[in-house]
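S.K.: Given next are the chains, with one letter for each unit.
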Amino acid sequence: MSRILIIEDDREIAEIERDYLELDGMEADISGDGVSGLEKALSGGYDLILLDLMLPGLDGFSVCRRLREKIEEDPAKPQLIQTVWGVGYRLNTV
Amino acid sequence: MTVKQRLTRSNICMFLVPLLIAAALLMLGAGVALYILEVKYLPQIGLSLQEMHITLEQYESMFTSFEAFVWIYLGAVGMALLLTICFTNFYLTRSLFRHISEPLDELVAGVERIQRGDLDSPIAYAGSDEFKAACDAVDLMSAKLKAALEAEQRRTQSRKELIAGMSHDLKSPLTSIRAYSEAIRDGVAASPEMRQRYIETVCRRELEIEDMVNRLFEFSKLDLSELPLDMQALDAAAEISAVTADYADRADIDMRVPSGCTVYADRSQLRRIAKNIIDNSIKYAGPGRVRAVISAAERGDKVEFSFDDNGPGVPDEQLPRLFDVFYRTDPARKRGADGSGLGLAIVSRAAEQMGGKAEACRGTLGGLCIKVTLTKGDGRA
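Here the protein sequences line up with chains A and B, keeping their order. One point on numbering: in this note's numbering, the residue at position 63 of the first sequence is 63, and numbering is uninterrupted. One point on numbering: in this note's numbering, the residue at position 38 of the second sequence is 1038, and numbering is uninterrupted.
If we strip away everything but chain A, and leave its shape as in the complex, we get:
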């Protein structure tokens, strides 16, 4: 079963994402801020990280940058950045 981490501070958005993912047979965890999201992501075991950009504490760009530094040994690991402004926003810039 695929494991997905949702880093999103809007609890309702995170929950509906989880519901959709679980409906498709995936397992999803939620993290409500950048710092705890980064810790969880680094703990490993996730196939996909849905990362919001505007987060309290540590924003999505910083989380993504640090994640990339840490998981260079596995560059194929996909990431998707999303914000309320639209999924995929600035995906190529990070």
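Derived from the structure by calculation, the hints contain no laboratory data. Remember, it's a predicted structure, so these values are computed and weren't measured experimentally. A hint or two may mislead.
Stated by the list, open to error - Distance ranges between label pairs, derived from CB positions:
1) B:Arg1154 x A:Asp24: 44 to 52 Å
2) B:Cys1361 x A:Glu27: 22 to 30 Å
3) A:Asp47 x B:Leu1149: 53 to 61 Å
4) B:Ala1164 x A:Glu27: 34 to 42 Å
5) A:Lys70 x B:Ala1143: 56 to 64 Å
6) B:Ile1163 x A:Pro56: 18 to 26 Å
7) B:Asp1301 x A:Pro56: 43 to 51 Å
As the list claims (entries may be wrong) - With a Cα cut of at most 35 Å, we get these calculated DSBU-like pairs of lysine-lysine:
8) B:Lys1302 x B:Lys1371
9) B:Lys1283 x A:Lys40
10) B:Lys1376 x B:Lys1357
11) B:Lys1146 x B:Lys1371
12) B:Lys1302 x B:Lys1146
13) A:Lys70 x B:Lys1171
14) B:Lys1004 x B:Lys1132
15) B:Lys1171 x B:Lys1283
16) A:Lys40 x B:Lys1171
Unchecked claim - One side only, chain B facing chain A, incomplete, derived with CB under 10 Å:
17) Ser1172
18) Thr1175
19) Ala1179
20) Ala1183
21) Gly1187
22) Val1188
23) Ala1189
24) Arg1197
25) Tyr1198
26) Thr1201
27) Arg1205
28) Glu1206
Beta carbons are placed, not taken as given, at the ideal position from N, Cα and C, and that holds for glycine.
Position chain B relative to chain A; hints supplied.
M.R.: This is chain B only, laid out in the frame that chain A set:
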């Protein structure tokens, strides 16, 4: 005609006109003297005017050299006088023109600077003549123009922030509503409980949008001074207590506004101010239960309300911006719920509309202190 040409012409006139009048008066005087001589004095010695002239001609040769001397002397004196007048006139005209042209040049340069958009370089005319009033008036106009432009820039910036803030804050609930509506449509809710939760989420987020729009409407009315105010002397303690009573389950509010303290205000706006400040304290509360102290101090014909809280506070450099629309000390905060971003802006506008002001400073409880100054109930004009 230039001022210089006018001055030159007036000086020539000042010289020629007295000269011509003097010549005319001399001729008139000589004529009158001859007439009196002929009519009154010469008949007494038995001579006519012509006989006297013939007699004088007989002795003319005796006075030839003396006459020449007199003419030369008179000519020299006249010439000296003429030169003195011309020189004095020329010097005075030039000096006067310089005293006019220099401040005029400064004035023109100052106005040209304003035309170019430079409102930071006043004329600052140092003289104390009539031009000072004109230069000072231009400087004052420039200062007022600068203040008006800055106010307009602030208003424009505020509008931009308002639009950007509203767009952003509406996006979050709208995204939720769309996501949950689509989830209901797509049958994501696996159980009746989940379906109920989705519907409740849609309703709650819709209410957030409604509340936000209502606050925006209220703010716009206040900002445009279009909100009708029913100004009256109010019992401050009673009005604020009516608000704090609703927060008994969420915050410990120590009400220290003395009884008998009256304020000249609109009831609903006064309550709105108190509510928004308390909401703000709760919204940004640190760990633990929210504590707040509300006090009032009379200052002349004003009364200053202080709303102190025990929250995390705000860095000093951000305090003046707290009343800007959609200003956030943490830019990552995204929830537009309960009208965040407009609460303190409404406080500030409401206080201003009632002839007062709102300020932010460090609180005595370690958090934020919002001070709202309004006119005392018996201090109104």
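S.K.: Give a verdict on every hint.
M.R.: How the hints compare with the structure:
| no. | hint | result |
| --- | --- | --- |
| 1 | B:Arg1154 x A:Asp24: 44 to 52 Å | holds, 50 Å |
| 2 | B:Cys1361 x A:Glu27: 22 to 30 Å | violated, 50 Å |
| 3 | A:Asp47 x B:Leu1149: 53 to 61 Å | holds, 57 Å |
| 4 | B:Ala1164 x A:Glu27: 34 to 42 Å | holds, 37 Å |
| 5 | A:Lys70 x B:Ala1143: 56 to 64 Å | holds, 57 Å |
| 6 | B:Ile1163 x A:Pro56: 18 to 26 Å | holds, 24 Å |
| 7 | B:Asp1301 x A:Pro56: 43 to 51 Å | holds, 44 Å |
| 8 | B:Lys1302 x B:Lys1371 | holds, 12 Å |
| 9 | B:Lys1283 x A:Lys40 | holds, 27 Å |
| 10 | B:Lys1376 x B:Lys1357 | holds, 13 Å |
| 11 | B:Lys1146 x B:Lys1371 | holds, 29 Å |
| 12 | B:Lys1302 x B:Lys1146 | holds, 30 Å |
| 13 | A:Lys70 x B:Lys1171 | holds, 33 Å |
| 14 | B:Lys1004 x B:Lys1132 | holds, 21 Å |
| 15 | B:Lys1171 x B:Lys1283 | holds, 20 Å |
| 16 | A:Lys40 x B:Lys1171 | holds, 27 Å |
| 17 | Ser1172 | holds, 6 Å |
| 18 | Thr1175 | holds, 5 Å |
| 19 | Ala1179 | holds, 5 Å |
| 20 | Ala1183 | holds, 6 Å |
| 21 | Gly1187 | holds, 9 Å |
| 22 | Val1188 | holds, 5 Å |
| 23 | Ala1189 | holds, 8 Å |
| 24 | Arg1197 | holds, 9 Å |
| 25 | Tyr1198 | holds, 8 Å |
| 26 | Thr1201 | holds, 6 Å |
| 27 | Arg1205 | holds, 7 Å |
| 28 | Glu1206 | violated, 13 Å |
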